[in-house]
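Take these sequences, add in the hints, and give me the full structure.
FYI, the working numbering numbers position 94 of the sequence shown as 94, with every residue one higher than the one before it.
There's no promise every hint is true.
[Unchecked claim] Within a straight-line C-alpha distance of at most 27 Å, the following computed DSSO-like cross-link-like pairs (lysine-lysine) qualify:
#, residue 1, residue 2
1, K141, K109
2, K102, K87
3, K124, K222
4, K204, K302
5, K309, K169
6, K170, K120
7, K42, K99
8, K120, K169
9, K169, K302
10, K119, K170
11, K120, K42
12, K119, K99
13, K99, K83
14, K102, K119
15, K109, K120
16, K120, K102
17, K141, K198
18, K99, K169
19, K83, K119
20, K309, K109
21, K119, K169
Honestly, the hints are just simulated from the structure, not real lab data. A quick note: this is a predicted structure, and the numbers were derived from the prediction, not measured.
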Amino acid sequence: MFSLLQECKLSYLLLCCWLRHSQKFFQFPPKFFTRAWSSAEKLDGKTVLITGANTGIGKETAKDLAGRGAKVVIACRDMEKAKEAVKEIIETSGNDNVKCMKLDLADTKSIREFAEAFKKDEPKLNILINNAGVMVCPYGKTADGFETQFGVNHLGHFLLTYLLLDLIKKSAPARILTVSSMVHSWGSINLEDINSEKSYDKMKAYSQSKLANVLFSHSLAKRLEGTGVTCYALHPGAVKTDLQRHVSGPMYLIMMFIRPFFKTAVQGAQTTIYCAVEPSLENETSQYYGDCARTSCCDAGKDDDLAQKLWELSCHMLNITWE
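As structure tokens, this is what we get:
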């Protein structure tokens with residue numbers, strides 16, 4: 001359990017995060033509540049896979065991309081909620097080429113079964129959106145013994161991308177998007193205790209997983225140069241979703257104070273949609289985006305040596321060989 005001091009520390013970090021970006025809200029016109037990214041770009045004939053799209057920004061992304069004519073597959077753990085989301089996406093987009101498939105990113109067996117089924121059913125994959133995630137949850141481990149936030153947010157998507165990569169390369173030009181967060185800049189990769197077994201701080205673990213997302217996208221882009229597959233990491237913004245369900249104590253009080261200034265799920269989805277659709281990004285890769293524009297990640301997110309060490313450790317933990 002967390003001490004009051006730890007909860008106050010997390011609350012302070014959250015408040016600093018909001019103050020850092022609140023200037024966008026007080027500008028006129030306020031940039032914090034950006035309107036939907038506007039583009040008539042179509043995705044007819046494209047296949048899109050989005051993890052965790054039964055709610056929040058993932059579902060709003062699915063609605064938009066389905067509305068552009070793409071075949072959309074949402075990969076979710078809760079199939080009952082996923083089926084409800086599929087109905088909503090079809091009704092909103094007018095595109096009935098939408099389906100859901102079972103995927104639990106906290107279980108490598110589920111990930112492997114999903115990838116096998118996807119490759120059997122789908123002849124191509126043009127856009128992979130690694131969107132699903134967990135945030136500041138109590139200490140726990142995945143089915144394979146990985147700390148939950150690192151296991152789901154990073155390792156789950158690392159393995160999923162690995163298993164689908166041949167199909168993605170065959171479908172080029174293709175894009176791989178990984179949803180990170182600005183809190184990656186608070187993170188560090190603890191290579192000696194990656195599963196937080198010696199000590200656990202839920203915000204440090206979350207920040208570590210989000211930094212891992214940025215480093216993964218950076219490393220993957222370098223490995224895919226010349227293949228026609230481009231990679232993007234992004235920060236959706238502070239968004240009103242159920243991702244904050246584990247927030248408690250002083251952090252909860254601060255969250256309730258600043259939550260009215262958060263983006264809606266529709267607004268939060270815009271940078272994901274931008275990275276998936278914008279034609280001018282075809283020749284960009286290994287970059288980081290926020291508010292539908294290229295921006296800077298922290299120095300650690302561009303550290304090639306750290307990225308390589310994380311890559312090797314991830315392969316070792318997953319028992320895969322990925323050169």
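Quick rundown of the hints versus the structure:
With a C-alpha separation of about 15 Å, the suggested pair K141 and K109 falls inside the 27 Å cut-off, and the hint holds. Between K102 and K87 the CA atoms are separated by roughly 16 Å; this keeps the pair inside 27 Å, and the hint holds. Distance restraint check for K124 and K222: the Cα-Cα separation of roughly 22 Å lies within the 27 Å cut-off, and the hinted pair is therefore satisfied. Of the supplied pair hints, the one linking K204 and K302 holds, its CA atoms being roughly 19 Å apart against a limit of 27 Å.
In summary, the hint linking K309 to K169 is supported, as the alpha carbons are separated by about 24 Å, within the 27 Å threshold. Annotation: proposed proximity of K170 to K120 holds, straight-line Cα distance about 14 Å (limit 27 Å). Taking the CA atoms of K42 and K99, the gap is about 19 Å. The hint holds against a cut of 27 Å. Between the alpha carbons of K120 and K169 the distance comes to roughly 16 Å, so the proposed pair stays at or under 27 Å and holds.
Under the criterion of a C-alpha separation no larger than 27 Å, the hint pairing K169 with K302 is consistent with the structure, at around 24 Å. A threshold of 27 Å between alpha carbons decides the hint, and for K119 with K170 the separation of about 12 Å falls inside it, so the pair holds. Proximity of K120 to K42 is assessed by CA-CA distance (about 26 Å); at most 27 Å being required, the pair is judged to hold. With a C-alpha separation of about 15 Å, the suggested pair K119 and K99 falls inside the 27 Å cut-off, and the hint holds.
Note on K99 and K83: the hinted pairing holds, with a Cα-Cα distance of about 8 Å set against a maximum of 27 Å. Taking the CA atoms of K102 and K119, the gap is about 14 Å. The hint holds against a cut of 27 Å. Among the hinted pairs, K109 with K120 is consistent with the structure: their alpha-carbon atoms are about 17 Å apart, no more than 27 Å. Of the pairs offered as hints, the one joining K120 and K102 holds, with about 14 Å between alpha carbons and a cut-off of 27 Å not exceeded.
For the suggested pair K141 and K198, the alpha carbons sit about 14 Å apart, so the restraint of at most 27 Å is met. At most 27 Å may separate the alpha-carbon atoms for a hinted pair to count; K99 and K169 meet this at roughly 22 Å. Using a Cα cut-off of 27 Å, the hinted pair K83 and K119 holds, with the two alpha carbons roughly 21 Å apart. Of the supplied pair hints, the one linking K309 and K109 holds, its CA atoms being roughly 25 Å apart against a limit of 27 Å.
A C-alpha spacing of about 13 Å is found between K119 and K169, which places the hinted pair at or below 27 Å, so the restraint holds.
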